[in-house]
Amino acid sequence: MLANSVAVLFMITYVTAQQTCQLTDPDILGPYYLPGAPTSKEQLCANLPAHDRLVLTGQVLDYESECRRGIPNVKLDLWQANYNGVYSGGQSANDWWCRAVIETDSNGKFRITTLFPGRYDDGGYRPAHIHFKVTVPGYPTLVTQLYFNLD
Numbered sequence: 005m006l007a008n009s010v011a012v013l014f015m016i017t018y019v020t021a022q023q024t025c026q027l028t029d030p031d032i033l034g035p036y037y038l039p040g041a042p043t044s045k046e047q048l049c050a051n052l053p054a055h056d057r058l059v060l061t062g063q064v065l066d067y068e069s070e071c072r073r074g075i076p077n078v079k080l081d082l083w084q085a086n087y088n089g090v091y092s093g094g095q096s097a098n099d100w101w102c103r104a105v106i107e108t109d110s111n112g113k114f115r116i117t118t119l120f121p122g123r124y125d126d127g128g129y130r131p132a133h134i135h136f137k138v139t140v141p142g143y144p145t146l147v148t149q150l151y152f153n154l155d
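When we follow this note's numbering, the leftmost residue of the sequence shown carries the number 5, and every step to the right adds one.
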């Protein structure tokens with residue numbers, strides 16, 4: 005039995021909820037993680053025109069409860085590339101675009117407003133994705149990435 009495991013379920017607005025309880029697969033941290041991102045209620049990439057918004061909703065669930073219990077106040081450290089596949093550098097107060105720390109609600113639910121990330125300029129090696137570093141006191145930290153079926 006896995007002790008203190010976290011399952012993260014993502015639902016994009018047009019996708020139905022997952023029916024089985026599965027652990028979220030870990031993924032690499034990657035070279036573009038920067039600690040110290042600003043906190044936000046739900047915006048990962050701010051000041052987006054309405055037609056460019058991507059809204060993700062999800063829930064962080066306790067695997068040991070067979071995913072019947074959400075985990076409150078989870079810190080989601082998020083980062084992604086912009087439309088052009090470029091990451092911000094975090095070197096000034098204005099240089100944290102497409103980076104944020106968002107906290108789940110009392111039921112482990114979250115909502116993220118962002119844009120569809122661009123692909124790296126690497127010849128098509130990496131598909132578009134959003135990075136997640138999931139931190140919960142008493143649980144191992146989970147680093148993962150959200151990929152899109154469209155890419």
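The set of hints was computed from the structure by calculation and includes no laboratory data. The model shown is predicted, which means the values in this text are computed figures rather than measured ones. Just so you know, even glycine gets a beta-carbon here, dropped at the ideal spot from N, CA and C. Watch out, some of these pointers could steer you wrong.
Simulated restraints on C-beta separations [as the list claims (entries may be wrong)]:
| hint | residue 1 | residue 2 | range |
| --- | --- | --- | --- |
| 1 | 141 | 55 | 31 to 41 angstroms |
| 2 | 90 | 55 | 15 to 25 angstroms |
| 3 | 53 | 141 | 33 to 43 angstroms |
| 4 | 68 | 127 | 40 to 50 angstroms |
| 5 | 129 | 93 | 35 to 45 angstroms |
| 6 | 30 | 53 | 32 to 42 angstroms |
| 7 | 46 | 141 | 14 to 24 angstroms |
| 8 | 72 | 129 | 36 to 46 angstroms |
Listed below are the simulated SDA-like cross-link pairs for lysine to any residue, each with C-alpha atoms no more than 25 angstroms apart in a straight line [unchecked claim]:
| hint | residue 1 | residue 2 |
| --- | --- | --- |
| 9 | 113 | 98 |
| 10 | 45 | 24 |
| 11 | 113 | 52 |
| 12 | 79 | 63 |
| 13 | 113 | 77 |
| 14 | 113 | 60 |
| 15 | 79 | 141 |
| 16 | 137 | 24 |
| 17 | 45 | 100 |
| 18 | 79 | 129 |
| 19 | 45 | 129 |
| 20 | 137 | 96 |
| 21 | 45 | 77 |
| 22 | 113 | 40 |
| 23 | 79 | 127 |
| 24 | 113 | 96 |
| 25 | 79 | 33 |
| 26 | 79 | 117 |
| 27 | 45 | 132 |
| 28 | 137 | 147 |
| 29 | 45 | 66 |
| 30 | 113 | 95 |
| 31 | 45 | 95 |
Against the structure, the hints:
Checked against the hint of 31 to 41 angstroms, the C-beta distance between residue 141 and residue 55 comes to roughly 39 angstroms, which is consistent with it. For residue 90 and residue 55, the hinted distance range of 15 to 25 angstroms is satisfied, since their beta carbons lie about 21 angstroms from each other. Restraint check, residue 53 to residue 141: a C-beta distance of roughly 38 angstroms satisfies the suggested window 33 to 43 angstroms. Separation of residue 68 from residue 127 is about 42 angstroms and conforms to the stated range, judged on CB atoms against 40 to 50 angstroms.
Range check, residue 129 to residue 93: about 22 angstroms between beta-carbon atoms, so the 35 to 45 angstroms window is missed. Take residue 30 and residue 53: their Cβ atoms lie about 34 angstroms apart, and the range 32 to 42 angstroms holds. Taking the beta carbon of each, residue 46 and residue 141 are about 22 angstroms apart, inside 14 to 24 angstroms as hinted. Distance hint for residue 72 and residue 129: a CB-CB separation of about 39 angstroms, consistent with the stated range 36 to 46 angstroms.
Between the alpha carbons of residue 113 and residue 98 the distance comes to roughly 28 angstroms, so the proposed pair goes past 25 angstroms and is violated. The suggested pairing of residue 45 with residue 24 is violated, with an alpha-carbon distance near 28 angstroms, which exceeds 25 angstroms. Proposed proximity of residue 113 and residue 52 is supported: the alpha carbons are some 23 angstroms apart, at most 25 angstroms. Our distance criterion of 25 angstroms between C-alpha atoms is met by residue 79 and residue 63, whose separation comes to about 12 angstroms.
Between residue 113 and residue 77 the alpha-carbon distance is near 9 angstroms, which keeps this suggested pair within the 25 angstroms criterion. For the suggested pair residue 113 and residue 60, the alpha carbons sit about 11 angstroms apart, so the restraint of at most 25 angstroms is met. Under the criterion of a C-alpha separation no larger than 25 angstroms, the hint pairing residue 79 with residue 141 is consistent with the structure, at around 9 angstroms. Taking the CA atoms of residue 137 and residue 24, the gap is about 23 angstroms. The hint holds against a cut of 25 angstroms.
Annotation: proposed proximity of residue 45 to residue 100 holds, straight-line Cα distance about 15 angstroms (limit 25 angstroms). Under the criterion of a C-alpha separation no larger than 25 angstroms, the hint pairing residue 79 with residue 129 is inconsistent with the structure, at around 30 angstroms. Using a Cα cut-off of 25 angstroms, the hinted pair residue 45 and residue 129 is violated, with the two alpha carbons roughly 32 angstroms apart. At most 25 angstroms may separate the alpha-carbon atoms for a hinted pair to count; residue 137 and residue 96 meet this at roughly 22 angstroms.
With a CA separation close to 12 angstroms, the supplied pair residue 45 and residue 77 stays within the 25 angstroms bound. In summary, the hint linking residue 113 to residue 40 is supported, as the alpha carbons are separated by about 22 angstroms, within the 25 angstroms threshold. Simply put, residue 79 and residue 127 have alpha-carbon atoms about 33 angstroms apart, too far for the 25 angstroms limit, and the pair is violated. Proximity of residue 113 to residue 96 is assessed by CA-CA distance (about 30 angstroms); at most 25 angstroms being required, the pair is judged violated.
The suggested pairing of residue 79 with residue 33 holds, with an alpha-carbon distance near 16 angstroms, which does not exceed 25 angstroms. Under the criterion of a C-alpha separation no larger than 25 angstroms, the hint pairing residue 79 with residue 117 is consistent with the structure, at around 16 angstroms. A hinted pair counts as satisfied when its Cα atoms are at most 25 angstroms apart, and residue 45 with residue 132 qualifies at roughly 23 angstroms. At most 25 angstroms may separate the alpha-carbon atoms for a hinted pair to count; residue 137 and residue 147 meet this at roughly 4 angstroms.
Our distance criterion of 25 angstroms between C-alpha atoms is met by residue 45 and residue 66, whose separation comes to about 22 angstroms. Simply put, residue 113 and residue 95 have alpha-carbon atoms about 31 angstroms apart, too far for the 25 angstroms limit, and the pair is violated. Taken as a hint, the residue 45 and residue 95 pair is honoured in the structure, with Cα atoms around 22 angstroms apart against an allowance of 25 angstroms.
Checked against the numbered hints given earlier, the structure breaks hints 5, 9, 10, 18, 19, 23, 24, 30 and satisfies all the rest.
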